[in-house]
Amino acid sequence: MAHVKLYNGTGDEKARKAQERINKALGIVPETYQAMGRDGAFLEAVLALEHAAGRNLPAKTRELVLIAVSAANGCDYCVHAHRALALKTGATEEEVTAALELSAMMSLYNTFNKAIGLEHDVTPETLGVAEPVGG
86 MAHVKLYNGT GDEKARKAQE RINKALGIVP ETYQAMGRDG AFLEAVLALE
136 HAAGRNLPAK TRELVLIAVS AANGCDYCVH AHRALALKTG ATEEEVTAAL
186 ELSAMMSLYN TFNKAIGLEH DVTPETLGVA EPVGG
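Heads up: the sequence shown is residues 86 to 220, going by the working numbering.
Among the hints, a few may not be true.
Unchecked claim - Derived lysine-lysine pairs resembling PhoX-like cross-links, with alpha carbons at most 25 angstroms apart: (1) 99 / 109; (2) 109 / 145; (3) 173 / 145; (4) 109 / 173; (5) 102 / 90; (6) 199 / 173.
Unchecked claim - Computed beta-carbon distance windows for the label pairs: (7) 143 / 191: 50 to 60 angstroms; (8) 200 / 105: 21 to 31 angstroms; (9) 133 / 172: 24 to 34 angstroms; (10) 109 / 213: 43 to 53 angstroms; (11) 192 / 130: 50 to 60 angstroms; (12) 109 / 172: 13 to 23 angstroms; (13) 134 / 179: 22 to 32 angstroms.
No lab work stands behind these hints, which were simulated from the structure alone. Where is the CB? At the ideal position from N, CA and C, for every residue including glycine.
Please model the entire structure based on the sequences and the hints provided.
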């Protein structure tokens, strides 16, 4: 249950127009955009950033990255939304799982390296070859 009022077509005029565009593109207005729908200026700013971030990546790649980041951030809502979008852009369940595995692996490394206080020692100059160590 949302902790804020959801505005689906009931916010200011700018928000209503933005939500109409979202509905046209997705077929629904996800609740995250309803929660932002009170103030059109805010919603428009978020949508502009969303459009600009990673726009040079292919849609499928972008959604797989967003799944991994969403998992690392602990946003279950975001993982589910970006999974649906990834599948719509041609990603397979195996690719979605791989993105989640990479997120989990990097979360493990992050926790371990923070805990033991390692310094940064991996740079393009220090690497000999670019092959996975575990494979």
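Checked hints:
{"no.": "1", "hint": "99 / 109", "in the structure": "holds (16 angstroms)"}
{"no.": "2", "hint": "109 / 145", "in the structure": "holds (20 angstroms)"}
{"no.": "3", "hint": "173 / 145", "in the structure": "holds (8 angstroms)"}
{"no.": "4", "hint": "109 / 173", "in the structure": "holds (15 angstroms)"}
{"no.": "5", "hint": "102 / 90", "in the structure": "holds (18 angstroms)"}
{"no.": "6", "hint": "199 / 173", "in the structure": "violated (36 angstroms)"}
{"no.": "7", "hint": "143 / 191: 50 to 60 angstroms", "in the structure": "violated (21 angstroms)"}
{"no.": "8", "hint": "200 / 105: 21 to 31 angstroms", "in the structure": "violated (48 angstroms)"}
{"no.": "9", "hint": "133 / 172: 24 to 34 angstroms", "in the structure": "holds (26 angstroms)"}
{"no.": "10", "hint": "109 / 213: 43 to 53 angstroms", "in the structure": "holds (51 angstroms)"}
{"no.": "11", "hint": "192 / 130: 50 to 60 angstroms", "in the structure": "violated (29 angstroms)"}
{"no.": "12", "hint": "109 / 172: 13 to 23 angstroms", "in the structure": "holds (20 angstroms)"}
{"no.": "13", "hint": "134 / 179: 22 to 32 angstroms", "in the structure": "holds (30 angstroms)"}
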